[in-house]
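Visitor: The lines below spell out each chain.
Number of protein chains: 2
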Amino acid sequence: MEAKTEAKTKFKQYVFSFQEGDGHNKKLLGGKGANLCEMTQIGLNVPPGFVISTEACLAYLDSPDHSPPDGLGDQVQQQIRVLEQQTGKGFGDPKNPLLVSVRSGSAMSMPGMMDTILNLGLNSETLAGLIRQTGNQRFGYDAYRRFIQLFGKVALGIADEKFDKPFDEIKKREGVKADIGLSADHLREISEVFLEVVRHETGRPFPSNVYEQLEIAIRAVFNSWLGKRAIDYRREFHITPDMANGTAVNVCTMVFGNMGSSSATGVGFTRNPGTGENVMYGEYLVNAQGEDVVAGIRTPKPVQEMEYEMPEMYRQLVDLRNRLENHYREVQDYEYTIENGTLYCLQTRNGKMNAVARVRTSVEMANEGLIDREQALLRVDPEELEQLLHPRLDPKHTVNAVAQGLSASPGAASGAVVFDADRAELLGRSGEKVILVREETKPEDIHGFFAAQGILTSRGGKTSHAAVVARGMGKPCVAGAEGIKVDVRNRQAQFGEKVLHEGDIITIDGGTGNVYLGEIPTVAPEFSRELRALLGWADSVARLKVMTNADTAVAADQARDYGAMGIGLCRTERMFNASDRLPIVVDMILANTTEERQAALDRLLPIQRGDFKELLKVMAPRPVTIRLLDPPIHEFLPSEKQLEQELDHLQQLRKTVEGVTDLVGAMRLMHTQTRGTPPMPLPFGEGGTELVNAAIAKKQLMLNKVRELFEINPMLGHRGVRLGLTYPEIYAMQIRAVLEAVAECTKDGIVVDAEIMVPQVCTSEELKRVKLIVDKVKREVETEYGTPVHFKFGTMIEVVRACMRARQLADVAEFFSFGTNDLTQASFSFSREDAENKFLPFYNETGILQDNPFEVLDVNGVGQLMRLTVDWGRKERPDLKVGICGEQGGHPSSIRFCHHIGLNYVSCSPPRVPVARLAAAHAALTEENYRTD
Amino acid sequence: MEAKTEAKTKFKQYVFSFQEGDGHNKKLLGGKGANLCEMTQIGLNVPPGFVISTEACLAYLDSPDHSPPDGLGDQVQQQIRVLEQQTGKGFGDPKNPLLVSVRSGSAMSMPGMMDTILNLGLNSETLAGLIRQTGNQRFGYDAYRRFIQLFGKVALGIADEKFDKPFDEIKKREGVKADIGLSADHLREISEVFLEVVRHETGRPFPSNVYEQLEIAIRAVFNSWLGKRAIDYRREFHITPDMANGTAVNVCTMVFGNMGSSSATGVGFTRNPGTGENVMYGEYLVNAQGEDVVAGIRTPKPVQEMEYEMPEMYRQLVDLRNRLENHYREVQDYEYTIENGTLYCLQTRNGKMNAVARVRTSVEMANEGLIDREQALLRVDPEELEQLLHPRLDPKHTVNAVAQGLSASPGAASGAVVFDADRAELLGRSGEKVILVREETKPEDIHGFFAAQGILTSRGGKTSHAAVVARGMGKPCVAGAEGIKVDVRNRQAQFGEKVLHEGDIITIDGGTGNVYLGEIPTVAPEFSRELRALLGWADSVARLKVMTNADTAVAADQARDYGAMGIGLCRTERMFNASDRLPIVVDMILANTTEERQAALDRLLPIQRGDFKELLKVMAPRPVTIRLLDPPIHEFLPSEKQLEQELDHLQQLRKTVEGVTDLVGAMRLMHTQTRGTPPMPLPFGEGGTELVNAAIAKKQLMLNKVRELFEINPMLGHRGVRLGLTYPEIYAMQIRAVLEAVAECTKDGIVVDAEIMVPQVCTSEELKRVKLIVDKVKREVETEYGTPVHFKFGTMIEVVRACMRARQLADVAEFFSFGTNDLTQASFSFSREDAENKFLPFYNETGILQDNPFEVLDVNGVGQLMRLTVDWGRKERPDLKVGICGEQGGHPSSIRFCHHIGLNYVSCSPPRVPVARLAAAHAALTEENYRTD
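Going line by line, the protein sequences match chains G and E. The C-terminal residue of the first sequence carries number 932 in numbering that gives the first Met the number 0, and the numbering is unbroken. The C-terminal residue of the second sequence carries number 932 in numbering that gives the first Met the number 0, and the numbering is unbroken.
Bound conformation, chain G alone (with noise of 0.2 Å):
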């Protein structure tokens, strides 16, 4: 007892007990070892042991020549010399040997960073008296030989091989396969040979010295801390020194659940990971060790069948699994051992589950009294939730992916595979089931992606059109395949090494980009009682309102049952690609005149009229936010190469028309001539050319068009309220249409909150120049229809210009809505199509950005553009309504950031509005310990 005051009282202490340890300090004592001192000092049955603190292995690792700092080894000693009180035994005594496991714990989980070291303390002797005390041979030596060997790979660094290969010598010399046919002198032999290897290798006899044997595998786990495999592990976890420092190291008796049967192992979680249910869950074997479950020789037996086999033992281990879950607060994955009728309980860690788990563990143990509501939300993480809207791959599935491309919107489909839009639609409309395969998509397939069940590309990015959209619908879509050469002509596509025609069937995984040949089942999604639950508790505490993107009455409907609380933004021009409205907009767009250009308005207006109205009812009461028309009108067009393919085509075309025409003339000629009558006329032939030449003229007119048109910056051209302003006919009648159905929906009596949403706006004098526009059109409404007319009048953000101007903008505009795709673009000067494919995946791989800023808000940018718009706009007029409906609107980072600078309200596509309504919780549980940059 001198003796360890006298450490304690001139050397810093590196050693504790599991008795002693603070079981909160993860820092000092690693994960593992803070765990074991947490369980043994709540009462649980944990075979006694120590920890080695990391600040030992960090002044080891410190020190010029490796050397342990002074005081550990005889603070080791001491704790050994506990552990013999504690369990009567010695360590190194023959008579009653003391074993021990040794192992790594750092403050963050590294799985599988160093292999434990079992049944340390072995050697001639005291294997000799474990075999008396036992009385059972095989054991010993079965024992010591997987002790020489992992001592030997582990603490001595030598390579598994070299015991592999005299290992299956001898088995195959005796005839033996599996190692369980091994007997006891085999063992032994086997023991005395792995002696002999590490005599070789080392050049050294093993150590058989019991102490020596503990200082080399403490001196190896603190190696281990600077081994490639722990550094490249740190690295590709982005561990840093804050969050773990050094390795502990764990030392524990050790306790057998092979000594005969009423000794058993097994493993369990304290509810069902894969459903969430609260039951026992796990599986056992009797008279075994750990290893032999992984091994899989023999079926481990579902926990339940303890209770008949082992009632005692079940009752102490439902007693177990109470108190892990009553102390922890948390669904535990632990494992335990029963050594001749006693359960120890070895280790315990929070369980990982699936989304579903996770959901209904949460709000039962909130309901339970367990846990709160706050930390229900907070245990879920809002990323999670997404999975379970969407149908997924049945994980049972073996098939393997034919192509690869990029997660673009998560859920899983199959289909028959068709090539455009317009036979998309045609089968989609047969009742058909079909993937939309492009090489990329434009909006005027549009169509297709409304009749298809997913989409598939070989080119773009997770923010190219295709995925936009696709996730704008809630669809899935696989982006960027690259192994997929697509034949638009012939109907045809190559998968790799296999060409597929229309209508061959293959499956899409939106969720991990895999494309499958043949059609894969899927799991349905599910939107259980639970969600619901806590998504409810999720809105009372957020202060964020979540809105949806939605363009059609069906994706707002979807939205509103995931808890939409309104439209934060509709795109008007998504109306404009159905297959009834395009022909009409390209009449406008090729109108010669204004008075043409309004002649395809009218006709355009009745059926926007109509789409709002159905929008404005499904969301009643909630607001719902109409963008004018945002993108350049050449984007209703076809592309220039394409309109001169077709131009050609009509050509040939013509030049047959007229050969048949010029021979049915002839014909007639000759009829006349020599009967002196004309013939009857012919059912083809004539008035073809007419129609060719119309049609080319029209062709021509709109390549002109499109010649006209051409940008070479279109991101940065034409459009939004540049077009707005330049051709007021089409905002009128936007405008127009959003009144007259926001006119209609009062006389009927219902209660709708529309919003009129001006996009690209730059300086205040576009916004007063639209509001006249607005305030023209709304007395005419007013009149017409005799009722007045409600509605908020407002911008969005996402010219960087506009922020800078947010005073001067907020003197016009109600709202402000952060169109921060294009903010993203314009504030790096990055095209997102461009950058996707280019440059972008550079800069996130080499960490020059750490995230696609088109995915994840950039919030040391863009946020702070953000962040001043909102408070400059705030002082202009105190009450404005601050929203975001760019892409990363769902992103839970994102939705933190706004939080935190005081938007009203995130915008995001139906399936995120889950996502966002927990990230909103979140933001205001958290919001005391936010920083940025």
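Certain hints may be false.
Copies of the same chain are indistinguishable here, so a pair counts whether it falls within one copy or spans any two.
Claimed, not checked - Derived DSSO-like pairs: lysine-lysine, alpha-carbon spacing no greater than 27 Å straight-line:
| # | residue 1 | residue 2 |
| --- | --- | --- |
| 1 | 484 | 497 |
| 2 | 654 | 697 |
| 3 | 161 | 227 |
| 4 | 697 | 484 |
| 5 | 874 | 791 |
| 6 | 640 | 441 |
| 7 | 484 | 704 |
| 8 | 395 | 300 |
| 9 | 698 | 640 |
FYI, nobody ran anything at the bench for these hints, they're computed from the structure.
Got chain G sorted already, so can you dock chain E onto it with the hints?
Guide: Chain E in isolation, oriented as in the chain G frame:
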């Protein structure tokens, strides 16, 4: 006297005699009235008169029935009485009639707004008196008929033609050609006819009551303020009510220069307005009225002759000139009349003059002590200076323009038209003067720019490639001349009606945008002694330094002569386009491996090093800021279309060559078969296929690369530092070239100041990575050359996010340079090239945006970003050097803003350097009253 006192006490004073009016209150008395008062009060001999204030005008116009304000009539009568006392004449007195002139005059000069009414006060009775007094019947009737017509037109609103018709009839009847041929009798008859015209047109007799005449005239002046002409003029010249509101009325005693040989009339400038020389300058006519000078019947004499003809009058005139300049301390444009040996000064105003004269008079007046140097500086508009630095068209030419484009780069030039850059280079080298005429230019045309006198394009705006490059080189450019259709294939172009072929001579005037056929002589520019003096004074008061954007030693040399204090922007890519380098650059781009790329770069290194060394030496010891490669590399390749055409052509060629080869083969075969021996080899046909195939392969490679590099929005694409980091060997080469150039100069004993600048930076991480390359190359170069290498490392600020991250960037960068071209594009989300062809003109015309932000810095938006950047950057690094190198850096209002936010320098094209130096001085001198929105 009682009445006068009463009026004064009861009503506001609306009428002011020239003796009492406040000469500085132009707002109240109008410019002309205030001047008349001031001249009277400083003792110049001004004919007596009075001013009716603008307040009277506004009161009149504001009253519902347009009635003069109370008291006005009385005050006018009192002033008439004062005039009568001063002149001893009587208003309406037949014996000794007082005649007056009535004219308008507002606070802002609005020339030609309303004609002056002369000789008011004439009627049949006073006319008789006038004739009696002067003894000159013809003079009397001439004055009378002129008065009736002028009054009829100006005050009564009768069209001129009503008078001109009968007047011409009488002249025709009498066989008289010129007015001078009319006798007194004719003029009397005309007067009578004119009185009848007035009666017929107005339905009332011509007012014979002189007070009625005066009242009608005053009302006419008042009404003219709301006339269409006045309103249009004020709109056109942006005259707002706070600048001028209402017009004053000036009533002045008539004096007559046509009273005999001791009478005269004349106009003069106090200095020569063409050259600025300090001499008597002007013309006069003896026995004449002002109108006679205008009519051009008699030729006026230069004022110098008066010294001999009327020596006493000349002495008085010299005295008048001196008193005017001493009082106004500004060159005056004055009018005078000598009536019977008495000199009257009728009017004076600040003299308009050209830039040459303005500079010279400013410097000389300062040297004479008339004004101080600050006043001299402020007296010259910086924009004027640019005219002085370019050849101008001889102002005497009379040729009409054949086309009109935008004044894209100032200066005039003549030369033979050529339609491509290669021809321009070829002809230019042979000493021919050429004008490069293109639809639009691209970077690969750069060698044509060097060779040409000027550039003319039929497409593109003031910031098109042609305009920007030409301005950078200081070459004249007319851009977007839509009347010209270029037909490159046939080497001809349609100029309006005419077709010009290569070699035909044209002249372009980049100052006006005019294009002329043939050669028009030009006037050489002069960088005069006075201009140097003025700019020297400017530099001593300016806080901003003025740098230049220059890529060649020639440009740098010129800029230094213009006073550039260094190079603020050297675009290294300009050097890549020279014809000896472009092939190497293309090889670099086509390289498939880093090694191939390095090989090309190794060839570029010595060339770039030479360029930099030359620039550094020319500018030594001034700073030279070298920007690393900025544009996307596809700019160095031909367009996809061009390559496709070239490939087509080559494939045709291959067929031909193959045909020839076949033919040759067949002939040889035949020869061998018939003669038994093979023929001599032929000089062509064989081996041709290989040559063509090699060419095809190369072009195909280029085409593939162009397609691979295609970007949807190249402005936001893979360029600048993004390129520099993905191909670090390119930047490494450029950095090495700079540092080796520095090392060589240092070893040569030349003190140079190099700065390396990184373009397109959006995050400090990019800058740090480039810095790593810089540090490595620095160490290597220092070792190789054995000399320390000093330079600065900094960044362009042209990406919005860089502004937001200014603090973090300032941690790495020693200087910032705002690239306001790109920053403006990103802030507005306007693609410059597209916007200027599409909606921007509409935006400017309709006032949505006041200026083109690519020409004039948008201080409210882009400027706001700049202000934040400077503040944040200097928080991190208080001595951070900050400048601007965008187009707008040479624009005075932009320079003023740059001064205001504390920049250290502006950088602009060489010809803008003098402008910028003066503007920088103005900014410093007027900083106190600077305001932004």
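Visitor: Now look at each hint and say whether the structure bears it out.
Guide: Cross-check of the supplied hints:
1. 484 x 497: within (10 Å within a copy, 53 Å between copies)
2. 654 x 697: So residue 654 and residue 697 pass the 27 Å test inside one copy only (18 Å; across, 37 Å).
3. 161 x 227: within (21 Å within a copy, 107 Å between copies)
4. 697 x 484: So residue 697 and residue 484 pass the 27 Å test across copies only (26 Å; inside, 32 Å).
5. 874 x 791: For residue 874 and residue 791, the Cα distance is within 27 Å only inside one copy (19 Å; across copies 41 Å).
6. 640 x 441: Answer is both: 14 Å inside a copy and 23 Å across each meet the 27 Å cutoff.
7. 484 x 704: Cα proximity of residue 484 and residue 704: across copies only (20 Å, versus 31 Å in one copy).
8. 395 x 300: Answer is within: at 21 Å inside a copy they meet the 27 Å cutoff, but 110 Å across does not.
9. 698 x 640: both (12 Å within a copy, 21 Å between copies)
In summary, this structure violates none of the numbered hints.
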